[in-house]
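A.B. asks: These are the residues of each chain, in order.
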Amino acid sequence: MKEIALAGNANSGKTTLFNYLTGANQRVGNWPGVTVERKAGYLKKDKAILLQDLPGIYSLSPYTPEELVTRKYLLEKRPDKIVDVVDATNIERNLYLTLQLLETKIPLVVALNMADLLNKQGRRINTKKLAYLLGIPVIKISALKRKNIDTLVGEMQKKQATPEIIPKYDPRLESALAQIAKQLQGIVAKDELRFYAIKLFERDEQIQAELKLDAKRQETIACLIQTAEKIFDDESSSIIINARYDFISRVMDQCVIDEGDFSLSISDRIDLIVTNRFLALPIFFGVMWVVYYLSIQVIGTAGSDWLNDVLFGKYIPNFTEELLRSWHVAPFMQGLIIDGIIGGVGAVLGFLPQIMMLFLCLGILEDCGYMSRIAFVMDRIFRRFNLSGKSFIPLLVSTGCGVPGIMATRTIEAEKDRKMTIMLTTFMPCSAKLTVIALIAGTFFKGQSLAAPAAYFLGIIAVIGSGIYLKKTALFAGDPQPFVMELPAYHLPKLDNIVRYVWLKSKGFVQKAGTIIFASMVVIWFLSNFNFRLEQVPEEESMLKGLGSLLAPVFVPLGFGDWRAVSAVLTGLIAKENCVATLQVAFGNPPQARFDQLLIAAYTPMAAYAFLAFNLLCAPCFAAIGAMHKEYGDASWTWRAIGYQTFLAYLVAMLIYQISVLASGNYSIYNVVLVLLGITLIVYGLFIKKSKPQPLEQTIEMRGSEWSQR
Amino acid sequence: MVATVILGLVIFGLVAWVVYTRIIKQKNSECGSCHNVGCPLVDVQKIDKKEHL
Numbered sequence: 001m002k003e004i005a006l007a008g009n010a011n012s013g014k015t016t017l018f019n020y021l022t023g024a025n026q027r028v029g030n031w032p033g034v035t036v037e038r039k040a041g042y043l044k045k046d047k048a049i050l051l052q053d054l055p056g057i058y059s060l061s062p063y064t065p066e067e068l069v070t071r072k073y074l075l076e077k078r079p080d081k082i083v084d085v086v087d088a089t090n091i092e093r094n095l096y097l098t099l100q101l102l103e104t105k106i107p108l109v110v111a112l113n114m115a116d117l118l119n120k121q122g123r124r125i126n127t128k129k130l131a132y133l134l135g136i137p138v139i140k141i142s143a144l145k146r147k148n149i150d151t152l153v154g155e156m157q158k159k160q161a162t163p164e165i166i167p168k169y170d171p172r173l174e175s176a177l178a179q180i181a182k183q184l185q186g187i188v189a190k191d192e193l194r195f196y197a198i199k200l201f202e203r204d205e206q207i208q209a210e211l212k213l214d215a216k217r218q219e220t221i222a223c224l225i226q227t228a229e230k231i232f233d234d235e236s237s238s239i240i241i242n243a244r245y246d247f248i249s250r251v252m253d254q255c256v257i258d259e260g261d262f263s264l265s266i267s268d269r270i271d272l273i274v275t276n277r278f279l280a281l282p283i284f285f286g287v288m289w290v291v292y293y294l295s296i297q298v299i300g301t302a303g304s305d306w307l308n309d310v311l312f313g314k315y316i317p318n319f320t321e322e323l324l325r326s327w328h329v330a331p332f333m334q335g336l337i338i339d340g341i342i343g344g345v346g347a348v349l350g351f352l353p354q355i356m357m358l359f360l361c362l363g364i365l366e367d368c369g370y371m372s373r374i375a376f377v378m379d380r381i382f383r384r385f386n387l388s389g390k391s392f393i394p395l396l397v398s399t400g401c402g403v404p405g406i407m408a409t410r411t412i413e414a415e416k417d418r419k420m421t422i423m424l425t426t427f428m429p430c431s432a433k434l435t436v437i438a439l440i441a442g443t444f445f446k447g448q449s450l451a452a453p454a455a456y457f458l459g460i461i462a463v464i465g466s467g468i469y470l471k472k473t474a475l476f477a478g479d480p481q482p483f484v485m486e487l488p489a490y491h492l493p494k495l496d497n498i499v500r501y502v503w504l505k506s507k508g509f510v511q512k513a514g515t516i517i518f519a520s521m522v523v524i525w526f527l528s529n530f531n532f533r534l535e536q537v538p539e540e541e542s543m544l545k546g547l548g549s550l551l552a553p554v555f556v557p558l559g560f561g562d563w564r565a566v567s568a569v570l571t572g573l574i575a576k577e578n579c580v581a582t583l584q585v586a587f588g589n590p591p592q593a594r595f596d597q598l599l600i601a602a603y604t605p606m607a608a609y610a611f612l613a614f615n616l617l618c619a620p621c622f623a624a625i626g627a628m629h630k631e632y633g634d635a636s637w638t639w640r641a642i643g644y645q646t647f648l649a650y651l652v653a654m655l656i657y658q659i660s661v662l663a664s665g666n667y668s669i670y671n672v673v674l675v676l677l678g679i680t681l682i683v684y685g686l687f688i689k690k691s692k693p694q695p696l697e698q699t700i701e702m703r704g705s706e707w708s709q710r
Numbered sequence: 711m712v713a714t715v716i717l718g719l720v721i722f723g724l725v726a727w728v729v730y731t732r733i734i735k736q737k738n739s740e741c742g743s744c745h746n747v748g749c750p751l752v753d754v755q756k757i758d759k760k761e762h763l
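Those protein sequence lines, which keep their order, are chains H and Z.
Quick note on this note's numbering: the first sequence kicks off at 1 and runs consecutively.
Quick note on this note's numbering: the second sequence kicks off at 711 and runs consecutively.
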């Protein structure tokens, strides 16, 4: 078995190439940080080759979790070969990593990706010359358009010797490195001498700890570094960085030909408008409004109406009822199957067309490159409030499912920002919460185009507001971390990418309905049809009513202090789709039109919106809570996050309902007090509360790390 | 009566299977993956499983 690693900068196309080479269906995101951990798969054309897709990185310095994962893998596992995926449109920056990969002395092949975009840039790269100067094979490819992949595969299959040519830097630096390498002889393998010498020269603490050199060697090496620093009048890590960029500059001079003067590309022209300081936000809000309105309230609704009224309203229940009667099945079992399972699962599956439409729109926006601009635009806004734009990428991932969104926080290096983002990321409406949005918008706000998009914006506002407040607390105080991201060029969305995206989301939704929701519905039907003495009774005397009624008074200020809605909130903790399915079962599984009438009779529109807001912001489902716990690695942090989310959800839902009561003119002193209390808390948290100063130790540590990265 | 018993066994058997595969087994595997496949750990887990076989 041969093991080959795919390495490269973030967003250089590694995952696209990995998917094509292995036939895997890994998520391909058009923003950096999609690959958080390494993934593996066998090469489609040669099952004897195991391909490892490593996270996108810019260097082999241990600054970020991705760099740590990659470096640990390369040094400890030492794959048989590395395929370095280089973004040809940003070759200078990408070669910086290539040089470091060369230093590991692992056989290397450069896959010059996006070579087809070079013409548009007016640039040509002489790959033969580049291969000669680097001493390794260089293959031009387009992972997206699948060009020249066979040549790359052929190169991967070849047996390749350890690279002989290694970048030679300034002779004075080379001399220092050679002397450090001499100190390491017999301690590390011959092939790894240069890599370790450079890392020791950079004063890499992890490598120092790993090598455990004796005091004499440590002193000699420290002396060598200090001498070099005096000669270059610079700090050792900067000497190495400059040497690498000097080398790249020489390579570029010889291999890259720029054919024209700099002129604005189409992407640049679009960005002048889309990322404009004043236009960016209105455009974003406009786009998301169109996406949510069209998917949830217009186009998707037609398909959902058919599923609810015809398929799950008539065909399936009628057919099943006849079948069960012919089999002489007991009435309670007929009730379980028709009202519990078909009614509950059908109520969730009915939203499938809306979900497919939404993910079709989001997939197009992401694939064409618009979503990465949003991360860039949001960084500008987040930064004003001391937040990092890095936090926005997990939020984008969360629009599919909160679990990978929480995992994606691993791309955030600053521990406090990461913990805070884990806490906030599930505020975004995932596909499960979309069922609640679609139910409330479709039933209570027919024809009101802002109802569904407002839920998405409520999620973003909750993230920004919470970020402002939490950054003022001692737990999260600190400067925002720098956010470097590369904006990919706009391109027409690829049909297969979009189809795969929609297919994966829809498949996940249907699978969940057929498993978790199915099991939940059996339990919920049982609870809503039996009393505590296990006698079959109407819903009004059931165990579910008894349990829901216990907590119902807590939700009275939110406008839905009713056992059915409270039961829906509780079962939503298993999976948010259960909110919809539980309401359907708790109301006796009526036909769609009757269900709408019953809901409108039971709740006011703003109480229903408060129900939506509460479910959007409160503690997420158990799967997401599990992911939070895993990422925090600590029960107290998990409880803290759940507590904050539930408190905020309660506050926002209460304000929505109570303000609507005030606006109706039919209010009491009780409503006024609740509104004043809620507004006071928000104003205090956002505007009056003073920021907690950062502990001195952390400030010094941070300044130090900022300085060392310069 | 027989059909009722058989259907009951099938339905509650399926519920037990869902609880086992989605909750109990998930906990043992320490994998927080969801079925939206976007989870970055899905492939790693699959490969790990294959290696253990």
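Hints listed in this document are in silico derivations from the structure and should not be mistaken for laboratory results.
Among the hints, erroneous ones may be present.
As the list claims (entries may be wrong) - Reference excerpt, derived from the structure (chain H facing chain Z, CB under 10 Å, subset only): (1) I241; (2) H328; (3) T515; (4) I516; (5) F518; (6) V522; (7) L598; (8) L599; (9) A623.
As the list claims (entries may be wrong) - Straight-line Cα separation of at most 30 Å, DSS-like style, residue types lysine-lysine; simulated pairs: (10) K416(H) <-> K630(H); (11) K735(Z) <-> K182(H); (12) K735(Z) <-> K630(H).
Quantities reported herein were computed from a predicted structural model and do not represent experimental measurements.
Backbone N, C-alpha and C define an ideal beta-carbon position, used for all residues, glycine too.
A.B. asks: Which earlier hints turn out false for this structure, listed by number in ascending order?
C.D. replies: Going through the list in order, the structure violates hints 1, 7, 8, 11 and respects the others.
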